[in-house]
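Protein chains: 2
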Amino acid sequence: MKSSPVRDILAVLGRGDIISFAGGIPDPTLFELEDFRESFEYVFAHQGARALQYASTIGEPELREQAALRLSRHLPTTANQVQVTSGSQEGLYLAATTLVDPGDVVLVERPTYLTAVQAFTLVGARLVGVESDDDGMLPDELEDAIEAYGPKLVYLIPTFQNPTGRTMSAERRAAIADVLVRTGVPLLEDDPYGELRFEGEALPPIAAQPGMAARTVLLNSASKVMAPGVRVGWLRAEGQILRSLEIAKQGVGLQTAVTDQLAVAHYLATYDLDAHIAHVAGIYRVRRDAMLASLDARMPEGATATRPEGGMFVWVRVGGDQDSALVLPKAVDLGVAFVPGWPFYAGEPDRTTMRLSFVTNSPETIDEGLARLAAAWGW
Amino acid sequence: MKSSPVRDILAVLGRGDIISFAGGIPDPTLFELEDFRESFEYVFAHQGARALQYASTIGEPELREQAALRLSRHLPTTANQVQVTSGSQEGLYLAATTLVDPGDVVLVERPTYLTAVQAFTLVGARLVGVESDDDGMLPDELEDAIEAYGPKLVYLIPTFQNPTGRTMSAERRAAIADVLVRTGVPLLEDDPYGELRFEGEALPPIAAQPGMAARTVLLNSASKVMAPGVRVGWLRAEGQILRSLEIAKQGVGLQTAVTDQLAVAHYLATYDLDAHIAHVAGIYRVRRDAMLASLDARMPEGATATRPEGGMFVWVRVGGDQDSALVLPKAVDLGVAFVPGWPFYAGEPDRTTMRLSFVTNSPETIDEGLARLAAAWGW
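Taken in sequence, the protein lines are chains V and X. Residue 687, in our numbering, is where the first sequence stops; the numbers in between run on with no holes. Residue 687, in our numbering, is where the second sequence stops; the numbers in between run on with no holes.
No lab work stands behind these hints: they were computed from the structure. Treat the hints with caution; some may be incorrect.
Pairs count within a copy or across copies, as identical chains cannot be separated in the list.
As the list claims (entries may be wrong) - Quick list of in silico lysine to any residue cross-link-like pairs, SDA-like style, CA-CA up to 20 Å:
| no. | residue 1 | residue 2 |
| --- | --- | --- |
| 1 | Lys460 | Pro410 |
| 2 | Lys460 | Leu430 |
| 3 | Lys460 | Ala521 |
| 4 | Lys460 | Asp412 |
| 5 | Lys638 | Pro651 |
| 6 | Lys638 | Trp650 |
On a predicted model such as this, the values are computed, not experimentally measured, just so you know.
Taking the hints into account, I'd like the entire structure generated from these sequences.
Right, here's the structure in full:
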């Protein structure tokens with residue numbers, strides 16, 4: 309087990325004058341601090357003794373109800389199909405430890421979310437990467453990999469993927485679902501960013517494809533659209549899978565903080581989260597545009613950047629023969645940070661890649677940071 | 309994997325007129341609700357954006373400092389030896405997944421905490437129970453078991469054990485530590501109740517014995533002495549073990565809720581937790597006395613009850629040939645609940661045992677509950 313390079317980079321940042329594109333964190337100046345303060349006040353005024361006591365592992369009814377309402381926008385969901393989690397990372401780990409035994413293969417995108425790699429590694433999974441194009445994982449490659457490896461699970465982030473920012477098209481979702489239904493492999497679908505859309509049409513999760521709801525664990529989180537510090541997320545699952553996840557959560561941590569569950573439930577019932585998301589998305593969109601414009605102006609020939617319709621990340625493939633991990637120390641010396649691409653890969657990495665977050669800096673700062681980054685790479 | 313019988317019993321309680329001795333929960337009427345409300349208000353007034361943002365996996369500095377201060381009463385501890393956890397159940401799971409591989413043996417007390425059994429089972433451990441007497445685990449039996457099974461870990465709750473309420477004597481702590489130092493087996497020491505002492509002298513943890521600090525993961529929790537709903541605990545470990553636990557926590561859940569961490573840190577820095585504990589202990593003591601007096605008056609010859617000096621539980625061994633799990637439905641029909649003893653055992657259980665919590669009912673209610681319990685058993 310290795311530590312997360314992102315977390316290790318975050319640990320040394322915040323010191324001095326470094327422009328960071330390394331974080332996977334939302335802009336804290338956009339948090340609805342007053343609404344959260346009021347939500348916690350409400351909980352202590354009306355539900356105080358309950359908030360401080362032990363409670364069920366599955367989660368507080370009010371929060372499960374709110375989660376079901378939001379999930380039902382794309383996929384009919386009842387509150388009793390919802391398990392509350394301490395952020396979606398816990399949901400990811402619960403699915404990993406429940407559905408995967410040591411030595412089992414899990415198929416993931418190339419590249420994929422690196423803390424998912426950590427969670428799967430922790431339960432002894434063998435990760436195999438499947439190739440993607442700009443529309444997401446390739447169905448033929450998926451089917452070949454299922455035949456070759458007999459995986460226990462497929463893990464996908466179909467919308468505004470971490471690290472690439474890519475979104476799987478509607479046609480591709482149907483094709484991937486078709487492969488999974490035919491081969492009977494369960495899906496872990498991670499959707500932490502889906503609501504952070506700046507443009508284009510919202511796409512239902514793969515779990516909403518015919519035959520998929522019962523074989524999918526769908527992860528949602530309050531972290532990216534409300535606040536990560538409260539550690540509240542939820543997952544949707546059905547039948548025996550849901551029951552197994554609940555039992556695993558008993559062993560891993562009994563339950564999620566009741567204080568935070570009730571506060572988030574109150575927030576969702578009382579405030580206009582959609583309006584907040586629209587506000588945040590408008591600001592993030594300007595920052596994405598600034599990053600893409602500055603990249604286009606600076607990148608050398610042959611380098612490519614993704615053009616995400618939402619989320620938090622642009623993925624740059626520089627090409628050539630420089631290893632981004634070796635460029636990083638130079639970049640930090642010049643006052644800019646990013647996450648090198650290699651840890652996002654199961655198997656052989658493309659070491660000329662890097663992940664850039666566009667959400668925590670102003671357009672001007674983004675341009676200045678990219679000027680430093682260009683100097684570090686020698687563009 | 310089985311669900312926890314305690315959690316399943318708790319799920320059907322609270323309906324109707326049942327006197328419950330089944331819980332492992334503190335009396336919620338004794339929570340310092342106003343102090344917690346003020347602590348959360350303080351956090352939102354002074355640390356709001358920080359409370360809602362991602363933070364480090366190891367935990368917030370203020371809370372690590374407060375935890376180190378309390379741990380240092382018995383064992384010199386610096387803040388950088390503290391890992392914050394989402395309750396001590398998470399600490400238990402992190403230690404299990406870090407120190408134990410599938411198929412490895414873990415030695416536990418007979419009986420032991422049943423949710424620990426769940427956590428160890430989840431990581432594929434093979435549990436072997438070691439006999440105890442009223443002074444705790446027997447050192448000779450421990451040494452024999454280490455020789456016979458080559459365990460990766462020993463798990464102990466030395467003070468006011470769950471489920472028995474027993475406390476390991478000072479001499480026994482030294483003898484157990486001697487065996488562990490000689491054989492080189494690491495210790496997971498769980499101490500959620502230690503501060504809830506009604507009488508007698510406080511005993512330092514086994515981790516404070518010579519040579520033990522570096523080979524022990526010591527779990528503490530805010531749950532039993534402050535409030536379980538906030539899900540804040542911490543563990544003490546050193547060197548590579550501490551680093552491995554931190555990396556595992558990245559994969560299991562990234563971090564503990566910052567809101568709750570900062571609120572608990574403020575509470576510990578601002579309010580007199582010792583005075584609160586003394587107040588709670590005084591009330592729990594009266595309830596323990598009521599339970600023991602009522603048991604003494606009602607139990608048949610041959611039945612025994614432990615006489616805990618603190619904590620929350622009395623352990624009754626009825627003897628004879630009745631299975632407490634089969635008595636439970638009759639007891640619930642008569643309006644009283646308890647936890648049958650069998651799930652607390654690794655290996656062959658003593659099925660005539662049961663765990664009774666004395667902390668959530670008044671002396672009068674305890675006596676009435678035990679009258680119903682006596683009827684259910686046919687005493």
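Query raised in the report: Under a CA distance limit of 20 Å, which applies to lysine 460 and leucine 430: within one copy, between copies, both, or neither?
Result: Both: 16 Å inside a copy, 17 Å across copies.
Query - Alpha-carbon proximity context of lysine 638 and tryptophan 650, limit 20 Å - result: Classified as within: same-chain Cα gap 17 Å, cross-chain 61 Å, threshold 20 Å.
Query - Copy assignment of lysine 460 with alanine 521, given that the CA separation must stay at most 20 Å - result: within (17 Å within a copy, 41 Å between copies)
Query raised in the report: From the Cα coordinates, with 20 Å as the cut-off, is the pair lysine 638 and proline 651 best called within, between, both, or neither?
Result: within (19 Å within a copy, 57 Å between copies)
Query raised in the report: Can you tell me if lysine 460 and aspartate 412 fall within 20 Å by alpha carbon in one copy, between copies, both or neither?
Result: Only inside one copy: lysine 460 and aspartate 412 sit 6 Å apart there, 24 Å across copies, limit 20 Å.
Query raised in the report: Taking 20 Å as the upper bound on the Cα-Cα distance, should lysine 460 and proline 410 be classified as within, between, both, or neither?
Result: both (11 Å within a copy, 18 Å between copies)
Of the numbered hints given earlier, the model fails none.
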